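Engineer: Since chain A is already given, all that's left is putting chain B on it; use the hints.
2 protein chains.
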Amino acid sequence: MTKPSMFLSKTEILDAAEQSLRRFGPDKTSVTDVAKLLGVSHGTLYRHFPSKAILREAVTERWLEESILVPLTEIVNHIAENPLEQLKNYIMKLIELKHLYAEQDPEMFKMYADVTAESADLIDAHVRRIIEQMITLIAMGIETNLIHTTLQTEVLARSIFNATARFHHPAHAYQWLSTDIEQEFSGLWYLLEKGLTAPAK
Amino acid sequence: MTKPSMFLSKTEILDAAEQSLRRFGPDKTSVTDVAKLLGVSHGTLYRHFPSKAILREAVTERWLEESILVPLTEIVNHIAENPLEQLKNYIMKLIELKHLYAEQDPEMFKMYADVTAESADLIDAHVRRIIEQMITLIAMGIETNLIHTTLQTEVLARSIFNATARFHHPAHAYQWLSTDIEQEFSGLWYLLEKGLTAPAK
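Chains as they are written, first to last, in the UniProt record's numbering: chain A, 1 to 201; chain B, 1 to 201.
Treat the hints as calculated values from the structure; they're not laboratory data.
Keep in mind it's a predicted model, so treat the numbers as computed, not measured.
Fair warning: there could be bad hints in the mix.
Said to hold, decoys possible - Listed below are the simulated DSSO-like cross-link pairs for lysine-lysine, each with C-alpha atoms no more than 30 angstroms apart in a straight line: (1) Lys110/A / Lys201/B; (2) Lys201/A / Lys93/B; (3) Lys88/B / Lys201/A; (4) Lys10/A / Lys110/A; (5) Lys110/A / Lys93/A; (6) Lys88/A / Lys201/B; (7) Lys52/B / Lys28/A.
One chain only, chain A, in its complex shape (with noise of 0.2 angstroms):
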């Protein structure tokens, strides 16, 4: 009964990965019971993923596009009055995400911590086009003159990504049932903002 990989899409195989790592968990989700899953031989599935660690970043990779970037992707293509509003709504936005996932579907978002940890050029990636979202929204910050800096947009982008990883970074998920979170996250605006706006020396 196995079926032929020629009519195999990604996307049935991902389908089949991310339901056997919901059922069983990242640690315990072999290449081998996906295979099953599909009803495909063992070696059919390792041409296209041929470790368990390749199968986890695939799943995950699909994961942070469709969970986190293309409701991110919305924020940015949203026109907004106010370009400083929209960039603290896009991490705002990312925050919610983050922490929805953590406690909603914690089996995607462990191995997503998990692939954090090891699977640095994966990640690097999916960092590196929110900074470009936050470089399209400093852009328009600094044409209407709300954003004042003499840093490159690129630096500024990553210092408010870095400023805020307490609150989106998968290593910090365990402090995120804290009652002071939103408190804490709108001191640090204020002090973002006040640093985004100043004039530049």
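Structural biologist: Just chain B now, kept in the frame of chain A:
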């Protein structure tokens, strides 16, 4: 050859525990190992430290005090011309110490990282002391008209501590080998300093 417990000081126990943790690693050190090293009975040591977790916390607490807080306190006590510069030096020293121990004392650092993720109260107390020292520096900055803010000094101190977490929180240690880290810190500090010094609205 069992020593009576009345002659067993806390320092002796912590020294033996630290030695044992370094030799066997945090996961493999048991209260029994430490008792053996001290030549006392398991029961004697249990009266002082009723679990492995409590022993690990006590060792971490002492390590945080001696390795992190003592050098930071020196910076706070140093009379500086410019409290803002002193605040920057304080944060940079915090970062430098964390990076130093992550590299040069990986066993203790790993234990500290584990305790950070598990023992909220101990770490909260440690962070509170850092926040208090930062408050002292911020208050001097406000007094000398270098820092302008409508936030409470405590909220401001915590915001700066949070904003720099990527550089000093042990969960980020895996990122500290990145070569861009100095540029990333200097971009962030530019933004924070601008936020601190701009007139409050």
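Engineer: Hints broken by the structure, by number, lowest first?
Structural biologist: 1
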